[in-house]
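In case you want the letters, here they are:
There are 2 protein chains.
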Amino acid sequence: MHETYDNEIKSSRPATRHTRLGIVGGGQLAKMTALAALQLGCDVVVLEKNNYSPAAQLATHSLVGDWNDPEALVKLASQVDVVSIENEFINADALAAIENCGHLLYPGTATLRRVQDKFIQKQTFLEAGLSTPKFTAVRDVQELSRAGNDFGWPVVLKTRRNGYDGKGNFTVRSESEISQGWEALGGPKNNELYVEAFCPYVSELAVIVVRSRDGASVVYPVVETVQRNHICHMVKAPAVVPRELAEEAASLARRAIDAIAGVGSFGVEMFLTREGQVLLNELAPRVHNSGHYTIEACVCSQFENHVRAVLGWPLGSVAMRAPAAVMVNLLGVGKGPGTPRGLERALGVAGAHVHIYGKAMSGAGRKMGHVTALGQNLAEAEAIAQKAAECILFGAKS
Amino acid sequence: MHETYDNEIKSSRPATRHTRLGIVGGGQLAKMTALAALQLGCDVVVLEKNNYSPAAQLATHSLVGDWNDPEALVKLASQVDVVSIENEFINADALAAIENCGHLLYPGTATLRRVQDKFIQKQTFLEAGLSTPKFTAVRDVQELSRAGNDFGWPVVLKTRRNGYDGKGNFTVRSESEISQGWEALGGPKNNELYVEAFCPYVSELAVIVVRSRDGASVVYPVVETVQRNHICHMVKAPAVVPRELAEEAASLARRAIDAIAGVGSFGVEMFLTREGQVLLNELAPRVHNSGHYTIEACVCSQFENHVRAVLGWPLGSVAMRAPAAVMVNLLGVGKGPGTPRGLERALGVAGAHVHIYGKAMSGAGRKMGHVTALGQNLAEAEAIAQKAAECILFGAKS
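Chain order of the listed sequences is A and B.
Going from the first sequence to the numbering used here is simple: count from 1 and add 290.
Going from the second sequence to the numbering used here is simple: count from 1 and add 290.
If you are wondering where the hints come from, they were derived from the structure by calculation, not from laboratory data.
Possibly wrong hints are sitting among the right ones.
Identical copies go unnamed one by one, so any copy, or any two together, can satisfy a pair.
With a straight-line cut-off of 25 Å between C-alpha atoms, the simulated SDA-like cross-links for lysine to any residue are [what the hints assert, rightly or not]:
#  : residue 1 : residue 2
1  : Lys677    : Gly602
2  : Lys339    : Thr306
3  : Lys424    : Ala540
4  : Lys677    : Ser607
5  : Lys677    : Glu586
6  : Lys625    : Asn519
7  : Lys625    : Glu670
8  : Lys677    : Arg611
9  : Lys457    : Ala418
10 : Lys457    : Arg533
So here's chain A without its partners, still in its complex pose (with noise of 0.2 Å):
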């Protein structure tokens, strides 16, 4: 007996060659793409830094590289007939190689270019009607200054990239709070700022969309999302809204990838204001945290519907399959090692469906797993959900 790898997939397959699927990242978002992937009979390569991520352990070929590196991009596309990607910080100019070079990558960097730059993204709501919150980019304390005191105070100073779960963001509440916000945000170091009217929400809400290469798209329910500490929490599917609201929500989404002309799944996040309105809050050219449920709760998942998109294949089902459903975060409370602790205890609560990443390592507020449960009401699916959820633990509190 010897052992052999798929070193060479070209070689590797007599006569058959499946359909291939590159993802830039290895993360949960990755690994559940490619599932999603290999039911449906495609070959997956996963380009990560390392080769023990979640998705680079069940890829069919695993390449070891820098996802801002246009070579490790363009060779991972020489592999592979549609390339997409897990998170929205990869570099567009890299990612350019790609398309330069005759490859397909969906969402395209036309895409992620109105995307990745949140000032230009919500400029670009603004230029296609869809409602937001107040925002302008300022370059100085003077004109953070100007923009609270024409939105009024609170406003909420955002770095324009790379900002997610909470970091990248903070709430100037007065004008004396001005440069103790510019300085937590990179102060003159960073000139890449934005500041947005705060917005009193009474709740946040979400939605997937996916939209495919000829444009038709497809609309998930609108779900409402539970922050902690600003990561979510908890998802309820479908959001308790009177109808025409969860209409106008679902509407606002599809607009929104219509105006970046994305093609794939998308998370649109919005706010619920006390008046009853919704404004665009801010999206992600991915399959997002918010449409988890889907994989037990509807017909088709946001996973399987991407890897559909960006292969050009037909949109599947996004009705549910159930009356409620709801999603719990597992994150880690510390350092320590990727398994979990309780899990066990957790398989013992029927209807709780586990969803462990295969993370190497837990960290403290990292998300490790998610529990999905269905109901006839929000209430007992959240109640399973949640009594699964609280026997797992990841790490240890320091």
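Knowing the structure of chain A, use the given hints to seat chain B on it.
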């Protein structure tokens, strides 16, 4: 950039050691089991004759070797927490090496020895007081003649080992066909034959039973299997039978798995006779084609429950999530590549869940994938599944 591979999983995962499942065999059953294990955060190591089997493609680690080589089996076992199998033909004596080295194998060889020889399997049922068609071992044509006159013609002559999908079976209609049947199954060279009374059934029923290490078991709904040319063509869940009869079938199946002290998922096939009697036909010590529908139709699939059972974790709910489900197999029509034609059209059928196994080659009658659809009733589910299945073609007629 360089490429690295998961050659030595022990060193590639800093700090973390995920639970590891080993599977002997790399076909579609191993693939679907691996998908369930990966979702639960397990690592999967597959032993198969080549490294491009459906399961080897997505395994964390792949060993290339012979299933029946004790050295290969022990090497697999030494890398994982528990070994399971995807088919019933692996030599039990070879597998015993895993247990003899102190590693965990589920189902174990004690179970497999009671199953692999179908004559012993039937004797085990008989001793447990479970209903089966009449049967007896036959060493020569005289004994076959005697059995036929005893049971009444026709009778079914079967090989005791390695039969599947109609291979290793011959229906002897009358005394005059004895020598023809005897020759067809290997004649004088094969002294491992037995004979069964022909069962004029009205339908074939099947049940998946999952039994945990501590002997607790769960039983999935009773389904009807429809064969074409002795190969499973369609599965209808649940079977349209009176409730008492379904309960009888479920009880019979559960007791059959108790009788062999099985651990894991098992497929139990039964005949429903004209008189409304349920008789055990045979069982498979593994996840089973008649349970593929459980991926979408049940809260916890036969694959996830197999993983849970063999790892000693609590079993999940077997409840159906829709009133009806139908699964249709995608069989190759001839030799050709393992990539389907018509997949796009199939994906355009709303509600069809398409599974493509990713085999290297198609062959006539070879299981290349399947389609499952749920519905408010069987007719609705069958229409969707059939419509999608008819779009897909593997291989060409020669």
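Hints, one by one, checked against the model:
Taking the shortest alpha-carbon separations for lysine 677 and glycine 602, only the inter-copy value of 21 Å comes in at or below 25 Å, while the best intra-copy value is 40 Å. Within a single copy, lysine 339 and threonine 306 get their C-alpha atoms only as close as 29 Å, which misses the 25 Å cut-off; across copies the closest is 18 Å, which meets it. Within a single copy, lysine 424 and alanine 540 get their C-alpha atoms as close as 21 Å, which meets the 25 Å cut-off; across copies the closest is 63 Å, which misses it. In this assembly of identical chains, the alpha carbons of lysine 677 and serine 607 lie at most 25 Å apart only when taken from different copies (16 Å versus 30 Å within one copy).
Taking identical chains as interchangeable, the C-alpha atoms of lysine 677 and glutamate 586 lie at most 25 Å apart whether they share a chain (18 Å) or sit on different chains (23 Å). Within a single copy, lysine 625 and asparagine 519 get their C-alpha atoms as close as 18 Å, which meets the 25 Å cut-off; across copies the closest is 57 Å, which misses it. In this assembly of identical chains, the alpha carbons of lysine 625 and glutamate 670 never lie at most 25 Å apart, being 32 Å within a copy and 51 Å across copies at closest. For the identical chains of this complex, lysine 677 and arginine 611 are neighbours both inside a copy (22 Å) and across copies (21 Å), given an alpha-carbon limit of 25 Å.
Neither within a single protomer nor between protomers do lysine 457 and alanine 418 lie at most 25 Å apart by alpha-carbon distance, with minima of 27 Å and 64 Å respectively. Taking the closest pair of Cα atoms, lysine 457 and arginine 533 never come within 25 Å of each other, the shortest separation being 33 Å inside a single copy and 58 Å across copies.
Hints 7, 9, 10 from the earlier list are contradicted by this structure; the remaining hints agree with it.
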